[in-house]
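Novice: Counting the sequence shown from 1 gives a position; this note's numbering is that position plus 416.
Just so you know, not all the hints are guaranteed correct.
Unchecked claim - Only pairs whose alpha carbons sit at most 20 Å apart, straight line, appear in this in silico DMTMM-like list of lysine to aspartate or glutamate:
hint, residue 1, residue 2
1, LYS644, ASP621
2, LYS680, GLU661
3, LYS683, ASP673
4, LYS680, GLU651
5, LYS451, ASP528
6, LYS668, GLU642
7, LYS527, GLU595
8, LYS527, GLU512
9, LYS652, ASP673
10, LYS652, ASP603
11, LYS527, GLU505
12, LYS683, GLU661
13, LYS451, ASP418
Hints are computed from structural coordinates only; laboratory data are not their basis.
Please read all numbers here as calculations on a predicted model, not as lab measurements.
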Amino acid sequence: MDILNQLVYARLMPAQLSAHPAGLPGLIGELRASKLRITARLLELDRQTDNPASAIAIRRYQLQFVAVVDVLHFFQLQAGPRFQEFYDEAAALVMELIMALEQYFPEHLAKDLYLPGPYAGHILSQQASRMRDTETALLESRINPALVDIIFRPMRRADAQPTFGTAGFYRHLLRDLREQDHLYYMDPEDRTLFILFTHNFNCPDLLRHATTVLRSRTAALRTLQEKKGLLSWYEKELRHLPSNEYALYPGKGSIRDQLLQWIKEEKQFMHNLYTTWNS
């Protein structure tokens with residue numbers, strides 16, 4: 417790692433490249449050699465995953481790779497046209513190391529760390545086609561377009577800045593939304609909602625959408641018993657959802673718990689309302 421740092425910070429500055437343009441192929445060769453050494457070290461760590469020191473080392477690599485990619489991007493913005501291809505190739509080598517961390521050590525990575533600019537662009541481009549395919553499949557299943565919009569809005573905002581946690585969250589979410597091989601007894605709309613609840617898609621827009629849907633469905637029923645019975649069914653299904661380590665917004669609470677609290681309050685409200693009417 418020290419060799420990579422020294423190489424990038426001391427020898428890959430635009431001024432250094434301008435002074436020694438003939439040395440560009442050699443610098444790429446040194447970057448590749450450094451990448452191979454780090455890859456070998458990562459393979460060693462992969463065999464020591466139970467060692468707490470391994471997790472610390474992985475986190476240190478993550479922070480360093482992010483910093484290096486950001487620095488290379490900063491250098492590229494300052495460099496002339498003749499060096500753009502060089503910086504693209506240099507950044508690609510380091511981004512391959514980040515990909516390796518995401519693939520083999522996702523549990524050890526800092527989820528709240530923003531992806532470096534070029535890597536974020538790569539991830540957003542990579543996921544764009546998967547999001548389009550998933551969106552098409554959901555709409556063809558007659559999922560409410562408003563719900564579909566809520567699902568993809570966080571990644572499609574013009575100012576979207578994905579973190580490692582966000583990127584991992586959407587990889588798992590898109591897979592489950594496409595497959596939908598469980599909760600087979602539900603209709604497509606409920607199945608989609610419960611997949612989002614399972615993944616802790618803890619977005620206020622989803623909570624508002626879900627409560628609006630439940631209010632609409634209970635309003636269509638005639639008796640208090642039917643209304644409370646419907647809410648009790650959703651309550652039971654929510655309580656039996658499997659736990660999940662991911663969240664759209666870590667530290668922002670559980671949408672399942674928020675919805676369960678809303679159902680509890682809604683049932684109490686209905687009880688009080690009907691009691692008042694009948695008194």
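Novice: Need the list of violated hint numbers for this structure, in ascending order.
Specialist: 1, 2, 5, 6, 7, 11, 12
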